[in-house]
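Asker: Sequence:
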Amino acid sequence: MDSSKTQRFIERGSHKGKGLAVFTSGGDSQGMNAAVRSVVRMGIYLGCKVYFIREGYQGMVDGGDNIEEANWSSVSSIIHKGGTIIGSARCMDFVQKEGRLKAACNLVTRGITNLVVIGGDGSLTGANLFRQEWSDLLDELLANNRITKDQREKYKYLHIAGLVGSIDNDFCGTDMTIGTDSALHRIIEAIDAIVSTAYSHQRTFIMEVMGRHCGYLALVTALSSEADFVFIPEAPPAVDWRDKLCYKLEQARV
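Position one of the sequence shown corresponds to residue 1 (full-length UniProt numbering), numbered consecutively onward.
It is possible that some hints are incorrect.
Listed next, the in silico DSS-like pairs over lysine-lysine satisfying Cα-Cα at most 27 Å (straight line) [unchecked claim]:
hint: 1; residue 1: Lys149; residue 2: Lys102
hint: 2; residue 1: Lys156; residue 2: Lys81
hint: 3; residue 1: Lys49; residue 2: Lys149
hint: 4; residue 1: Lys149; residue 2: Lys16
hint: 5; residue 1: Lys18; residue 2: Lys49
hint: 6; residue 1: Lys16; residue 2: Lys154
hint: 7; residue 1: Lys154; residue 2: Lys49
hint: 8; residue 1: Lys16; residue 2: Lys156
hint: 9; residue 1: Lys102; residue 2: Lys154
hint: 10; residue 1: Lys102; residue 2: Lys49
hint: 11; residue 1: Lys97; residue 2: Lys156
hint: 12; residue 1: Lys18; residue 2: Lys149
hint: 13; residue 1: Lys18; residue 2: Lys154
hint: 14; residue 1: Lys81; residue 2: Lys49
hint: 15; residue 1: Lys156; residue 2: Lys18
hint: 16; residue 1: Lys102; residue 2: Lys18
hint: 17; residue 1: Lys49; residue 2: Lys16
hint: 18; residue 1: Lys97; residue 2: Lys154
hint: 19; residue 1: Lys102; residue 2: Lys156
hint: 20; residue 1: Lys97; residue 2: Lys149
Across the chosen pairs, the derived CB separations fall in these ranges [to be verified]:
hint: 21; residue 1: Lys149; residue 2: Ile188; range: 52 to 60 Å
hint: 22; residue 1: Asp228; residue 2: Trp72; range: 28 to 36 Å
hint: 23; residue 1: Asp139; residue 2: Phe205; range: 54 to 62 Å
hint: 24; residue 1: Asp192; residue 2: Lys81; range: 21 to 29 Å
hint: 25; residue 1: Gly111; residue 2: Asp192; range: 48 to 56 Å
hint: 26; residue 1: Asn128; residue 2: Gly82; range: 42 to 50 Å
hint: 27; residue 1: Ser76; residue 2: Lys244; range: 52 to 60 Å
Think of the hints as simulated: they come from the structure by calculation, not from any bench.
Backbone N, C-alpha and C define an ideal beta-carbon position, used for all residues, glycine too.
Let's have the full structure, built from the sequences with the hints guiding it.
Answerer: In structure tokens, the structure reads:
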């Protein structure tokens with residue numbers, strides 16, 4: 001073994017005293033609770049003071065009881081539950097700078113400069129904007145005497161980690177986003193229940209699934225359920241797709 005190569009381990013309590021908060025935002029997806037559980041327990045292992053932010057960005061803006069300290073037992077028996085136990089909500093207040101100022105003030109007051117956001121495109125875009133504005137937001141809070149000079153200096157950096165909670169599986173750099181696998185299973189279960197009726201009446205059923213601009217769910221569902229035809233956003237149908245589809249389905253019945 002090459003002695004020059006050292007292996008690094010994350011030691012227990014190595015980040016003692018740091019404030020870390022986790023929140024879920026936007027549409028919910030299966031697996032969010034498992035992600036929340038992992039964040040909380042790893043944060044505690046590292047010695048951080050870990051917080052839930054309830055109701056997503058709205059809870060961050062409103063502050064108060066929406067920002068709640070979490071402990072080891074706070075995330076017990078949630079790993080199998082759908083949705084998110086800490087709630088999720090759309091937040092128009094965070095779109096405005098005044099809303100982001102309130103959010104920054106609430107975080108600084110509790111000593112939180114590490115955020116884990118679990119959400120989709122809008123949630124992660126909002127988090128990135130918040131990170132970019134962080135220094136300017138603190139300057140404005142200091143100028144308005146809403147935070148002290150010591151707080152401005154101590155919490156001058158905001159660190160954000162994003163976990164993609166989206167059933168669409170539309171984020172590069174990850175094999176599967178949080179919620180995709182569960183959504184795929186639910187779709188296939190629904191098709192398994194419907195297909196018997198389709199066979200009984202010799203009818204064609206058209207199933208529409210979610211995915212926005214990503215055809216992963218549609219494509220994998222089609223392969224898994226023996227579909228005769230599939231439309232995906234990445235390959236828009238030709239102008240004469242109706243005639244081709246009718247011909248394809250007619251051939252399948254022969």
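Asker: Look at each hint and say if it fits the structure.
Answerer: Okay, the hints, checked on the actual structure:
no.: 1; hint: Lys149 x Lys102; verdict: 17 Å, holds
no.: 2; hint: Lys156 x Lys81; verdict: 37 Å, violated
no.: 3; hint: Lys49 x Lys149; verdict: 22 Å, holds
no.: 4; hint: Lys149 x Lys16; verdict: 23 Å, holds
no.: 5; hint: Lys18 x Lys49; verdict: 6 Å, holds
no.: 6; hint: Lys16 x Lys154; verdict: 15 Å, holds
no.: 7; hint: Lys154 x Lys49; verdict: 16 Å, holds
no.: 8; hint: Lys16 x Lys156; verdict: 18 Å, holds
no.: 9; hint: Lys102 x Lys154; verdict: 18 Å, holds
no.: 10; hint: Lys102 x Lys49; verdict: 21 Å, holds
no.: 11; hint: Lys97 x Lys156; verdict: 18 Å, holds
no.: 12; hint: Lys18 x Lys149; verdict: 19 Å, holds
no.: 13; hint: Lys18 x Lys154; verdict: 11 Å, holds
no.: 14; hint: Lys81 x Lys49; verdict: 25 Å, holds
no.: 15; hint: Lys156 x Lys18; verdict: 13 Å, holds
no.: 16; hint: Lys102 x Lys18; verdict: 21 Å, holds
no.: 17; hint: Lys49 x Lys16; verdict: 8 Å, holds
no.: 18; hint: Lys97 x Lys154; verdict: 22 Å, holds
no.: 19; hint: Lys102 x Lys156; verdict: 16 Å, holds
no.: 20; hint: Lys97 x Lys149; verdict: 21 Å, holds
no.: 21; hint: Lys149 x Ile188: 52 to 60 Å; verdict: 58 Å, holds
no.: 22; hint: Asp228 x Trp72: 28 to 36 Å; verdict: 51 Å, violated
no.: 23; hint: Asp139 x Phe205: 54 to 62 Å; verdict: 59 Å, holds
no.: 24; hint: Asp192 x Lys81: 21 to 29 Å; verdict: 24 Å, holds
no.: 25; hint: Gly111 x Asp192: 48 to 56 Å; verdict: 51 Å, holds
no.: 26; hint: Asn128 x Gly82: 42 to 50 Å; verdict: 27 Å, violated
no.: 27; hint: Ser76 x Lys244: 52 to 60 Å; verdict: 54 Å, holds
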